[in-house]
Each structure stands twice: as structure tokens, then as C-alpha cells.
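Model the placement of chain B on the given structure of chain A, informed by the hints.
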Amino acid sequence: MKRYVLRRSAQSLVVLVIVTIVVFAILHFLPGSPARAILGIKASPGAIRAFNAANGYNRSLPVQYVLYLDHLVHGQLGFSYHLDQSVGSLLTLDLPKSALLVGLSYLIALIIAVPMGLAQALRRNRPLDHGFTAFSFVGYSMPVFWLGMLLIIVFSVKLHLFPAEGPQGASVGNVLQNPSGLVLPVATLTIVTVAQFSRFMRSAAIDTMLQDYIRTAQAKGVPRRSVIIRHVLRNSLLPIVTLVGLSLPGVLSGAVVVEALFNYPGMGWLFWTAASAHDYPVLMGFTVVVGAATVIGNLVADLAYAAMDPRIRYGSR
Amino acid sequence: MSFRNVLEPGSGLFDTAPAPPSPPGDRAPKGQGAWRRAIVSFTRNKVGVVGLAIIIVMVLFSFLGPVLYHTNQISTNLFRVNLKPGGAYPLGTDEVGYDVLGRLMVAGQASLEVGLAAAAIAGIIGTLWGAVAGFVGGWVDSAMMRIVDGFLAIPPLLLVLLLAAIVTPSVGMLIIVLGCISWLITARLVRGEVLVLRTLDYVLAAKVFGERAWRIVLRHLVRNVIGTVAVQATFEVANAILLLAALSFLGLGPPPPAANWGGMLTDGLNYIFDGYWWEIYPAGVCIVLTVVAFNLVGDALRDALEVRLQDR
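Note that the protein sequences, when read in sequence, are chains A and B. Take the first sequence: its letter number 17 is residue 17 in our numbering, and every next letter is one higher. In our numbering, each residue carries its 1-based index in the second sequence increased by 1000.
Please note: incorrect hints may appear among the correct ones.
As the list claims (entries may be wrong) - Label pairs and their in silico Cβ distance ranges:
| id | chain 1 | residue 1 | chain 2 | residue 2 | range |
| --- | --- | --- | --- | --- | --- |
| 1 | B | Ala1053 | A | Leu61 | 31 to 41 Å |
| 2 | A | Leu107 | B | Leu1064 | 45 to 55 Å |
| 3 | B | Glu1211 | A | Leu107 | 48 to 58 Å |
| 4 | A | Thr273 | B | Thr1168 | 14 to 24 Å |
| 5 | A | Tyr81 | B | Val1136 | 41 to 51 Å |
Claimed, not checked - Below, in silico cross-link-like pairs of lysine to aspartate or glutamate (EDC-like), each with a Cα-Cα straight-line distance of 20 Å or less:
| id | chain 1 | residue 1 | chain 2 | residue 2 |
| --- | --- | --- | --- | --- |
| 6 | B | Lys1084 | B | Asp1267 |
| 7 | B | Lys1046 | A | Asp129 |
| 8 | B | Lys1207 | B | Asp1141 |
| 9 | A | Lys2 | A | Asp309 |
| 10 | B | Lys1084 | B | Asp1274 |
| 11 | A | Lys158 | B | Asp1149 |
Hint data in this document are derived by calculation from the structure and do not stem from the laboratory. Note that the Cβ used here is the ideal one computed from N, Cα and C, for glycine as well.
Isolated chain B (complex conformation):
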């Protein structure tokens, strides 16, 4: 599930040429110009733009949709369960009478929120962990990276299930739980980059000038790995959405009336044999579209920022 991120260069979707293994010294200078170039390069990547467009549509659908299309997603209506699409219910109703289209919107909010927030938390933890490990070096580095290895050896779903069995699975809690297990690859990537960055002249100069260690980490190191972190975070959004779906399927997602796409799919599972397609396909399509979109954007971002994702 999550291990697509150890993919090496050349794994971009429709990449034309693999990123040349550039020696650490002559990276493109990062600054205003570099970012503008990255944006231009990103917009030229059709697949990435399509991905971004899907994400925007999904966000609008989930967050703006309920404003335009009012439905009751709190109280159930047992007189109107499992209705076929049509009339007042464009996508029918589910097993407790919620309007499926309206539910897709509310569920999308939770799925997107969890995905984005968990990825943000993971990005912050992973960046700091990797930057400190790489900058301090020595046995601290070894110890910190072995901890990462230890966590990586445990299947992510097991870790989430364990944690979700301990805490009450509210949306906020799940964001923290998913964030706390998704930072590992980021930490590895950042550490790898920092190992190179810390030997560069301007970092040495900052050291010589007596700049404090934490300032060097934040100002010189973290700033320069933002590209890598952003790319990885994009993939982590996709992973977190999938993990949330898996958790809901296993019965440890946020309980009703809270909704998420994975939970909707799980409810639909009961009607496989009844042919209630509107309870099985729409939520699945939403997940696949969103996850594919984030993966596409991640790939395009990687090409645009010329980030080389390597895990060691």
C-alpha cells in the first residue's frame, strides 16, 4: 500500500527523461526563480494538472457541495432506506435513509481532512526528525534511524489498528494516529538530503559564524528540503485516505453519524448481493479518483521540483 514511495527515479508517470543524478553541489539554486520555474514546469505536465483539477473538484464537491445541496446527514429516516436513485434522491438513499449524494459530500470532508492533516503532521515530524538526525550525525543519527527502521518493520495497518483499538476513533484522533505513523519515509528522505546539505559551504559558514544549531536546522536545512517533503506529503495524503478507508472497513473508523468514504463502502458491502450499486460504486470511485489524483500530483511535483526520491 504505502511502499510505492520507495520507488526510485524514472518511476514518474509519463516522464520523458529520468532526472540525471546530479552531484550535490550543482543543484538548481533555490529561491524565487526556482519556485517560479517549478510552477511553470508543473503546469506543463498535463497529467499533473489533471490530478490537481480532480483534487480541486473533490474539495469543492465536499466543502461547497453541502452549501448548495442541503440534505439531512444527522438523523436517520427508516421509511426511506435503500431507495433507488431518482426523484428527490439523485444517488438514492443508504441503509438508514441518508441521501447518498449528500453523504458523499460530508464523507469527503472527513476523508480529505484526515488525509491532508495527517500528511501535514507527518511532514512536520518527519522533517524535524530527519533534519536533526542528519545534522547531528554520529550515534544520535544511527539511533534515530534505527527507530525509523523499527517502525517501518511493522505493517502500517497493524500499527493503526493497535492505536485505534486504544484511543476512541474520532476524526481528530485518527488524524493524530495516522500522522504519527506516516512520517517514517519523510524522515529517511530528509536525513539523506541533510547529510549532503550539511557539508555545503553556506552551512559550514553559518556554523563558523556561531549560528545556533536549531537555527541552522530551521533556516538552512529545513528550507532546502521542502521540495522533497512536499512531494512525499502528497503521497502520504493518498496513503492516509486509503488507511482511513481500511480502518473503517475493519470497524475502527469514526462511528456514525460521522461519515467517510471508506465507511460508506463498508456499509455498501452488506448489499453486494442485492445489486444496490449506488451504495457500492460512488464512494469507491471518489476514493480511487482522489487517491490517483494525489499520486499524479506527487509525481508531477517531483518532476517539477527535480526532487530525487531515494529512501537511503
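Excised from the complex, chain A in its bound form:
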């Protein structure tokens, strides 16, 4: 186990470094320079040289990268000249709100998708399975913002049940004061997520049901109910942990769209406005943070998986 943890952690570290290289490279290839962006178009060449020297922009690329890494490690994600705030402070303000949106959607999606996928696997190729399958196919074939629009039309415009705009406010507390505003954004993200997760769960459960130990359990005369709960469900949940980790980037993509649609003041909304305003430091900072979160999330999921299932540790590779 120790070796597995070490190897897997080393791998993640490498991936993390690659994420920073990708972001650094994009940052470098951007048109214009930070000096121009800050000092303005009228700045003299001398002033620009001085700025570049002061900030290390005149050094060689590898040195600049190391400087960039050094800043990152110390939590300095960059400075948004557009919003006149450090990216770090912007993120500390907005990240919790996105975490709330995504976390709630994930949780509800899992609560719905796990039983749904399991039921599909147990009733394979029956009407129930086909119905849920059709639902998930349409679910992830829908543009997320269109799904949101449809929910707005039905629940805000026609039925007047929930507001069409997400809750506003600077902090999570403000957002939570207006729970009815959260309903439609969370529902939108939940529906697309359920569509994915229930497929994962269905195929995981189908794979599990073909295993020898299930047949053994049935042959021993274990009641169907406990075969399903103790053997099928428990063993199918393991791969789900990894897949749920892997799907985080996809769900975050959805969150950007949902936040833009419902005007929800989270990280995704910040990213979107930054993209429209060509506010690169924010884009970069956000991308690095999300990339790091994904890498670490996957690492944790894999380690948890290995801790729960010895076959992973001693198995392949």
C-alpha cells in the first residue's frame, strides 16, 4: 500500500506540474504583455523595461516559470488589473459559492443516480431501464443552458414557483438566505449530472453482477435483497468513486454555464466575465485552481479506492 500511495502521489505531482506548465505556456503566448496592460499604451519603452526588470519578465523562460511557480506555491495567483483585486481574494470570495452550487448538485445527483443506475442494472432491457436510459441520453445531449432555459420557462415564467435568477450576495451566507433562488440552478446542474452518473452506476452494477462472487452468493442461498445491497451495491460503488472524481471537470464546465445563465455570483460567473473582458490573470488563476482541485480529487479518490479494495493495490501495474 505504501508503495502504491507513493507512486500515485508522485504521478499526481507530475500532472500538477504539467497543469502549471500548460497554463504558463498559454499565459506566455497571449497577445500583449503585462507591462502594456498595466502601464497603458502611452508608456515609454524605458518604463516598460523597468517594469519588466522589476517583475522578472526580462529573464529567460525557465526562470520566469520558476518565478511563476514560486508565486503559486505562496498562494499568489496573479492580479486582476481589470477588477483591481488580487485573483486570490476574488477566488476566496467566489469559490465557496461555487462549491455550494456544485456540492449540492453532486450530492443530490448521487442520491438519485445510484439507486436509478442500480434499478436499471437489475431490470436490464426492461421498460424501466429503457425509460431511464432515454432520460439520461437526452439529459446529457442537451445544452446545459437550454435545459436551464426550459426550467425557467416552466417554473418561473409559467408557474411562478421559483425565481429565474440565482441568489445574489457576496458570501455563502447571503446566498443561503435565498434558498428558493438556488432551486433552479441546482436542479439544472443536478439533471445533467444524474444523466452521467446513472450511466456510470448502471454499467458498474452490470459488471459487478457478472462476477463470480455474486454467483457464489446466490448459490449459497443468500437472499436476493442482501445480495443486491451487500454485494452488488457495495462493489459497484467503488468504481463510481473514481468516476465521480474524473467527472469533476465536466461538472465544473456545466457550472460555468449555469452560473452565467442564472447570474449566480460564483467562480464560474467570474471566469465567464473575465473571459469576455480578456482578463487573463483571473482566467489563469481559476484554471490552475480547478486543475489542482481535480488532480488532488482524483488522487484522493484513487487512494480511497485502493484502501477499500485490495485488488487495486496488488493488481495491475
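Here is chain B on its own, set in the frame of chain A:
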């Protein structure tokens, strides 16, 4: 959005039996016969055929439609905005007076072109990347695959938004941008297959006979992973169409007078409260139908080619 592709076997739509985990040695021989069998097997899959039919209808609608149904999709007409369907406008007009039915056709061209071309680019990059990584092995393999992991950790939409903020979002540019971020899963799948293929006798024989490495990769390895690549490419078409829609919604799609289905939907967003349904539903239905169709065909293709999609 895009992560349905890490689905494991048994995830086919109406599959009757999961593909048995066949040992690498005894795959069905690939050749003329194998392809014919695959075609027969595909045509027996009703759902796949329906998907294919929808795609054909959509392609005809978008590319042949404008030939039969002439509309002006370049200049706006502000005297005829937001007209109800009927009379000269079967699906009404939009906020600047474009005929919605005609616009759906033109928009479909862009959406389909971007989807198909981006998937093709992604297929080529992913195949070569995965084949080289798997064939060379060692630290080169590790390095190449960690790069893939690194890109996979960044949400696709963020990457596209970043790139689209840098380049001018013309259709051609978006094809390249989407193609350049959609090859990751393909690369993983191909590498996995190549790791197995390179130990097979005929590849060893080619090596022993002194065949050049790039020839082995192209002739023996790439040929044998085409099935996997085709299946994955089908899913990538669907993903690219959705990503293009999301980009347009976020304001970074191709600017007017260019049109795509996602852009039309975004314009319709302004009329949610006015009940102009013809500006909200038709384009959405087109996207959903097309994306579902590509996913159905991908699933059917996977079953027909007996490809096992595994991401590691």
C-alpha cells in the same frame, strides 16, 4: 458533459450482452470480412440505424435545404422581426428578421461542420499521440500520458474559453480549438490498445525484419485501432457540437452573420418571457436530436466493432 466516454462496457443503450473481456490474442481477425460483419451487425441494431437516419436527415436539411428553400441569411430586416410562424415564414422570424427555418439550415451547417471537423482533428492527434506513446513505451510513454492527464484535469470548457478569448472565434478557428482539446480520451484509448498490439507476433516480426518504427506505427498499429478511434470520434462530434453551443451562449462563438444552433438558442434567451417559442425550441431540438443521434451511432458502432472502450 464529455465524461460519458469513460463509460465501461455494458453501457451500450440496448445492448443484449456485455462484450466479453476477450484476451488480446483472439480478437476477431480484422480485414474485409471483419468490416462486412461489423456493417451487418450495425444494421441489425435498430437504435443505431435510427441514429444514423437522424444524422443523414440533419445533414440533408442543413446542406441541401438552403438549395431548395431560399432565404436571405446575410442582411437583416428590421421591419420583420419576431414574426409568428405562418405565411411566408414557416417558423417565423428572429430578432433581426432572419427567417428561422432558413437560419436553422445555415446554423446546422456550422454546427455539423465544427463537430465533424473537430472530431476528425482530435481523432488524428489522439491516434498518433497514443500510438507513439504506447509503441515507444518507457519514460516517453509516461511523459506523454502525464501530459494527457494534465490537460484532462482542466475542464474542457475552461480550456476552450481561454483559447477562444485569445483567438478570433471564426468557424475555422473554433474547429482547430475544439479539435485541439478533444483528443485526450482518444489518445488514452489508443495507447491502451497499442500496449497490447505491440506484443503481438506480427508486430514483433515487422520489428525483426527491420521495418522502420513509423511504418510499424502507421501500418500495423494505427490500422488496428481504427475501430476504437471511430467510436470515440463519434462521441467527440456530439461533444464538440455541445461545446460550440456553450461557447456561443457565453458570447465567444462565431459572430453574426455566421450562425450556429447554440447561437440561435442564445438569441432566443432574450425572449423567454415573451413566449416566442419558435426562437427557443427549434434550435434546441436540432441540437438534442443531433447529439443524441451521434451518441446512439457511437454506441451501435462500439457494439458492432466489438470495441471495448476503457480509459486505462
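For each hint, the structure was consulted:
no.	hint	result
1	B/Ala1053 with A/Leu61: 31 to 41 Å	53 Å, violated
2	A/Leu107 with B/Leu1064: 45 to 55 Å	48 Å, holds
3	B/Glu1211 with A/Leu107: 48 to 58 Å	55 Å, holds
4	A/Thr273 with B/Thr1168: 14 to 24 Å	20 Å, holds
5	A/Tyr81 with B/Val1136: 41 to 51 Å	44 Å, holds
6	B/Lys1084 with B/Asp1267	16 Å, holds
7	B/Lys1046 with A/Asp129	17 Å, holds
8	B/Lys1207 with B/Asp1141	19 Å, holds
9	A/Lys2 with A/Asp309	14 Å, holds
10	B/Lys1084 with B/Asp1274	12 Å, holds
11	A/Lys158 with B/Asp1149	45 Å, violated
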